Amino acid sequence: MINVLPIATTMLAALLSIEPLHLDGYAALTPAFTLMATYYWTIYRPDLLSAPLLFLIGTIQDLLSGGLPGETAVTLLLARAILLPQRHYFVDRPFPFIWAGFTLLTGGAVLFSWALHSLLAAELLDLRGPVLRAVLTISAFPIASFLLGRSQRALIGAD
Amino acid sequence: MRISPARRAAIERMSLTLLVLISAVMIIIGKADQVAFQSLRNSLMDAAAPALEMLSRPPAALDAAAGRVRGFITVYRDNLRLAEENERLLGWQQVAMRLSAENAELRDLSKLVSEPAISFVTARVIADSGGAYARSVMVNAGRDNGVARGQAAMTGEGLVGRVAEVGSRAARILLITDLNSRVPVVVDGTRQRAILAGDNSARPSLRYVDAGGTMRIGDRIVTSGQGGVFPPGLPVGIVASVDTEGARVEPYATLSRVDYLRLVDYGLAEALPNPLSVAARGGKRAESGVGGPPTLRR
Numbered sequence: 001m002i003n004v005l006p007i008a009t010t011m012l013a014a015l016l017s018i019e020p021l022h023l024d025g026y027a028a029l030t031p032a033f034t035l036m037a038t039y040y041w042t043i044y045r046p047d048l049l050s051a052p053l054l055f056l057i058g059t060i061q062d063l064l065s066g067g068l069p070g071e072t073a074v075t076l077l078l079a080r081a082i083l084l085p086q087r088h089y090f091v092d093r094p095f096p097f098i099w100a101g102f103t104l105l106t107g108g109a110v111l112f113s114w115a116l117h118s119l120l121a122a123e124l125l126d127l128r129g130p131v132l133r134a135v136l137t138i139s140a141f142p143i144a145s146f147l148l149g150r151s152q153r154a155l156i157g158a159d
Numbered sequence: 160m161r162i163s164p165a166r167r168a169a170i171e172r173m174s175l176t177l178l179v180l181i182s183a184v185m186i187i188i189g190k191a192d193q194v195a196f197q198s199l200r201n202s203l204m205d206a207a208a209p210a211l212e213m214l215s216r217p218p219a220a221l222d223a224a225a226g227r228v229r230g231f232i233t234v235y236r237d238n239l240r241l242a243e244e245n246e247r248l249l250g251w252q253q254v255a256m257r258l259s260a261e262n263a264e265l266r267d268l269s270k271l272v273s274e275p276a277i278s279f280v281t282a283r284v285i286a287d288s289g290g291a292y293a294r295s296v297m298v299n300a301g302r303d304n305g306v307a308r309g310q311a312a313m314t315g316e317g318l319v320g321r322v323a324e325v326g327s328r329a330a331r332i333l334l335i336t337d338l339n340s341r342v343p344v345v346v347d348g349t350r351q352r353a354i355l356a357g358d359n360s361a362r363p364s365l366r367y368v369d370a371g372g373t374m375r376i377g378d379r380i381v382t383s384g385q386g387g388v389f390p391p392g393l394p395v396g397i398v399a400s401v402d403t404e405g406a407r408v409e410p411y412a413t414l415s416r417v418d419y420l421r422l423v424d425y426g427l428a429e430a431l432p433n434p435l436s437v438a439a440r441g442g443k444r445a446e447s448g449v450g451g452p453p454t455l456r457r
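Those protein sequences? They're chains S and L, same order as listed.
Per this note's numbering, numbering of the first sequence is gapless, rising by one per residue and ending at 159.
Per this note's numbering, numbering of the second sequence is gapless, rising by one per residue and ending at 457.
Bound-form chain S, shown alone (with noise of 0.2 Å):
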């Protein structure tokens, strides 16, 4: 029962990032929370995790965002799949190192999107709200990893 706790986190992750903040310009620098908790997850417990439920998680928060059906899936997808063979790389090291994994992760999302919606937009976009947001995704990052350590420690155990 209780190893329900990854797909709970990202589900939440999901929703805190529609979630109004009442912060002048907030909406479009939301933290990529989703993709913390991917993160996270697809290092300690890919096993709890599955991919599935990350097209589903994706998919449920691009439909109610009003966003781009299918694009937080794809991403998240794409992270497990550059992950997942690299995972043993970050289990058991020190945070500054799985700090800078993630700065990769979240620079490589954000250039995807990017090209993404250059791409359907047929020009280029500018690339300072995106680059800001990615800021915020890798300065929030320690808080979120913290938080999950905790819970993962209190509820389930490494792997």
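Please keep in mind that the hints were generated in silico from the structure rather than gathered at the bench.
Be a bit skeptical, because a hint or two may be false.
Selected chain L positions facing chain S (in silico; Cβ < 7 Å) [claimed, not checked]: (1) S182; (2) P218; (3) G290; (4) P391; (5) R416.
Here the structure is a predicted model, which means the values were calculated and not measured.
Where a beta carbon is used, it is the ideal one built from N, C-alpha and C, also for glycine.
Given the coordinates of chain S, work out where chain L should sit on it, guided by the hints.
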């Protein structure tokens, strides 16, 4: 039954590839046909509305508390400002009452058909788009509360957007800053028409300005009523910048943080073309609806 690690890796690879492909197809379909996922979106919106509403309460309460603290700090200054403003507005009230009486008299004389009754629903924002490439919000009122597609979403200051999708208890509002938003507008007091086109930036641009027309910084922009989706004369914003690429409009409403919205039914919602129409499917936005503004019908 235990599956060997090699076999498990193969299954993982296959399912990942398949799901990425499905997502890619969804992206293409979603882009080509804006209504393909509409009913799914609406049901999901209805299902998630209670959870989103609950989640959005703590930040709303925090914001309200912060507002109260700010209010205590500025109460003296605000009081002075309001007293002065009240005096000025009392003068305007006299003017408005006189104009209103005169207007009623003239309408009576010219036998003008009365405008349809206006009704509105006030709704709270329970979710936003949370991303760089779309500008929309979800509100906690839907079909059950009388919300319909095409209704205007306003704050006290001006136009915010229009109702784009309606579930039974939640609705999505497409903001005028969204890349897909197009609103026929006019410079207030002139016949200078244009289309207000969102591009995901804070200031939408004015396109298709009448030939020979000029826009000046400070011009008041209101809806023109063309297309029949919005009534004419709703305040939108002011021209904030003019350069070689055209003019940009600063909306009156603070779009980057809307808490409560008024969804106004001007009796025109039916005029919004059905999303399944050929024009919408071809990727062209249907800007001309049926009939003109109701005030012009005699």
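- [ ] Could you work out which earlier hints the structure fails to respect and list their numbers in ascending sequence?
- [x] Failing hint: just 4.
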